[in-house]
Amino acid sequence: MHFKKMLQTKPEASAFLMLMAMTFVFSLLSPTFLTLGNFQIVLQPIPEIALVAIGVTILMISGEFDLSVGSVFALSPMVMVLLMAAGFPLPVSMIGGLVVAALVGLANAFITIRLGIPSFIATLGMLFMARSMTVVISDGFPPPFPRDLDLWWIVGKVDLLRVSVFWLLGIGILLGIWLRKFDFGSWIFATGGSQESARNMGINVNLVKTTTFMLCSMLAGFAGMIQVFRIKAIVPSMGTGYELTAIAATVIGGAALAGGVGSVIGAVIGALLLAFIENIIILTRVDANWFRFAVGAIIVIAVTINKMTRDVAARAKYKEVEDD
Amino acid sequence: MTKPHLSVRGLHKWYGSVHALRGLDLDIPQGQVIGLIGDNGAGKSTFIKILSGVHKQTEGQIFFEGKEAHIARPRDAMNLGIETIYQYTAMVPEMSIARNVFIGREKRKWGVRGFGMLDHAAMAEEAMAAIADVGLHLRSADAPVKDLSGGQRQGVAIARAMHFRSRMLILDEPTNHLSVKETNKVLEYVRQMREQGITVIFISHNLHHVHEVSDRIVAFSRGNKVADLLSEETTVPHMIDLIT
Ligand SMILES: Nc1ncnc2c1ncn2[C@@H]1O[C@H](COP(=O)(O)OP(=O)(O)OP(=O)(O)O)[C@@H](O)[C@H]1O
Ligand SMILES: [Mg+2]
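In order, the protein sequence lines correspond to chains A and B. Everything in the first sequence is counted per my numbering, starting at 1 for the first residue and increasing by one. Everything in the second sequence is counted per my numbering, starting at 1001 for the first residue and increasing by one.
Just chain A, same shape as in the assembly (with noise of 0.2 Å):
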């Protein structure tokens, strides 16, 4: 009963059991795969992709959607760059590419909200707009990256692990708090469950929506600065298709495409199996050209897991309300 309860309450719980399924089988398959070196590889580009999946879940959960994510992802590390190349210090570089991300996230939420333009199709033409922009700005040719910065605080090596781990499980656990604890985070999951009764209780939907466009954008921004700092490079053609990789991880850890169901902790798993599977690929030379396939198939599958493990523990529950 508990285990149902938890399947239905907990819409991340059918991922992580694919996760722990997939995890014994990958082990079986290689015996490289559960080495702590592996997992280290693995990680290592975990923070930044779990970052925008994160974002994006949340604003699924207020029941908006955002394909402009790859682009910011560009976008912003590359004004924060440019920023530096121009003589700025290192953070104010950093709240200069941010702002922009801001603004990238309000100019959705101005074009979903009040211009009544699907976010679907408004964060597409983002998509673009702000993928050109990288490259006009860049001029072409993107700036040296400078070598003599510190950056141990954010990409440094820990044992095993890169700073940015830390960083993600700090973002993560705080926006977890966020949503699950706080009003605001309630008012997240009311819009995207029904945005007219949230309305008609008083919430500020528009509010609501603002602030998890401009998140979300601001975490795409801040994913890219990081992937800028661990590579020590920047192109204008960064994070190109990470918008779909995040929109995968999301759904794969339980988000409903239509709002109001999602969590934090099932955008990171989702981004893990991803990782997981690109990588079993990988050790176990299979052709490369068969992620795309594993990813498509995963996607459906966690679905109708999902999708089934809810109804059932539905049609558990309905009897069970009543008293009389």
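Treat the hints as calculated values from the structure; they're not laboratory data. Any given hint might turn out to be false.
[Claimed, not checked] Capping the alpha-carbon separation at 27 Å, the derived lysine-lysine pairs in DSS-like fashion look like this:
hint, chain 1, residue 1, chain 2, residue 2
1, A, 181, B, 1107
2, A, 181, B, 1109
3, A, 307, A, 181
Predicted model only: the values in this text are computed from it and were never measured.
Once you've looked at the hints, dock chain B with the ligands against the given chain A.
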């Protein structure tokens, strides 16, 4: 005569080129059940959406307990003690009963509205108490609202209104798609509210229900009031004549 609970004067509402309310004047006495009737598109929902802050009137004034009231947002209406219960958009189905009772008016352990830590335990406890007070028996406030029947949802919405001590309750077609048994329950709630001295505006296309629970019948036609009668002065056939 005591001053009315709520009055409107010269209320107009335009949706673009649609003139949905055409200079409505209406007094709603304290503590009565008003049955609001009218054909499709007569302006009933428009009227109550203005009272509940979902739409703003294009022209005209609202007086609440004799004082002019400016209702720009749903929260303004709630602060006046006006609670509206919509048939389909009163609840967020995925969220728990307790959370639905407190949506937008959460209990906080600390912090301010918009940045406050939720007090889940207090909300669950008070939600159960409020639900029990209206005579509804549910086992747990943690179940999602989507697991409730239509009548139970109406019960929870009414419990919510009572919990926040609303003094005017607006029900827009609350018995749509409900079984006979559940409909009777909702009508029973309306009678309970009346006994507690709460003013009720009850909108329904089922004139029998309206006649049964209302003290007063107000009929709308094409954006205006065409009748305002005591319930005993009219009959269901007469009401049909009024609105067709
Ligand atoms: N949001 C809106 N935008 C444009 N027109 C609207 C809107 N809401 C209502 N109307 C129009 O205003 C008029 C009055 O509608 P209203 O919903 O108030 O009627 P009603 O009396 O509640 O009808 P019903 O019994 O069908 O619910 C109708 O012509 C309707 O089409
Ligand atoms: Mg109506």
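Checked hints:
no. : hint              : verdict
1   : 181(A) to 1107(B) : holds (11 Å)
2   : 181(A) to 1109(B) : holds (10 Å)
3   : 307(A) to 181(A)  : holds (26 Å)
The structure fails none of the hints (numbered hints given earlier).
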